[in-house]
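The working numbering puts the sequence shown at residues 4 to 153.
Please keep in mind that the hints were generated in silico from the structure rather than gathered at the bench.
Note that CB positions come from ideal geometry on N, CA and C, so glycine has one too.
Among the clues, some could well be false.
[To be verified] If you anchor each label on the Cβ, the simulated ranges turn out as follows:
id: 1; residue 1: 72; residue 2: 148; range: 39 to 45 angstroms
id: 2; residue 1: 11; residue 2: 73; range: 31 to 37 angstroms
id: 3; residue 1: 152; residue 2: 76; range: 41 to 47 angstroms
id: 4; residue 1: 76; residue 2: 41; range: 34 to 40 angstroms
id: 5; residue 1: 19; residue 2: 76; range: 25 to 31 angstroms
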Amino acid sequence: MWYFVMAFIAGAGMATQAAINSQLGKALFAQPIYAAFWSFVTGTLLLLCMSAIMGRGQFIQALGQIPQQPWWYLTGGVIGAGLVFTSIFLAPKLGVANMLFFMVLGQIICGLLIDHFGLLHMPVREISWNKIVGLLIMIAGLSVFVFGKR
């Protein structure tokens with residue numbers, strides 16, 4: 004149950020982060036890229052401190068392991084930067100809720116494909132009919148949510 008609560012809190016953090024970073028982007032010459040940069044600088048500093056404190060001496064060893072990893076293992080940060088930039092750019096244009104609905108829809112569809120085919124070395128979890136029905140209900144809800152007033 005704790006994992007579901009943790010995921011819910013992370014989702015709430017995404018909405019809050021998009022709103023905060025959008026305001027920072029406005030304050031920095033209306034440039035979302037500057038806000039994304041500072042978001043990653045502060046996040047990197049926090050993670051650096053946490054890694055050094057909690058790493059129990061493995062932090063330096065972990066750094067030494069980086070060159071031996073496949074190149075695509077290191078693309079998560081690039082994708083993360085793109086997500087942060089996109090949220091800063093789109094939140095004022097679409098609204099935070101609409102933006103997150105589409106982002107969550109993209110996450111679920113991509114997640115289903117990753118799980119079903121075991122992509123990126125993830126365990127296979129086949130798509131079932133209840134997941135497809137749930138996705139269709141979500142898409143219908145999204146359509147009402149986003150386009151209902153039109």
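Hints, one by one, checked against the model:
Hint check: residue 72 to residue 148, Cβ distance near 40 angstroms, so the stated range 39 to 45 angstroms holds. Separation of residue 11 from residue 73 is about 32 angstroms and conforms to the stated range, judged on CB atoms against 31 to 37 angstroms. Look at residue 152 against residue 76: about 44 angstroms separates their beta carbons, and that is inside 41 to 47 angstroms. Between residue 76 and residue 41 the Cβ separation comes to about 26 angstroms, which falls outside the hinted range of 34 to 40 angstroms.
Take residue 19 and residue 76: their Cβ atoms lie about 29 angstroms apart, and the range 25 to 31 angstroms holds.
In this structure, the one hint that does not hold is number 4.
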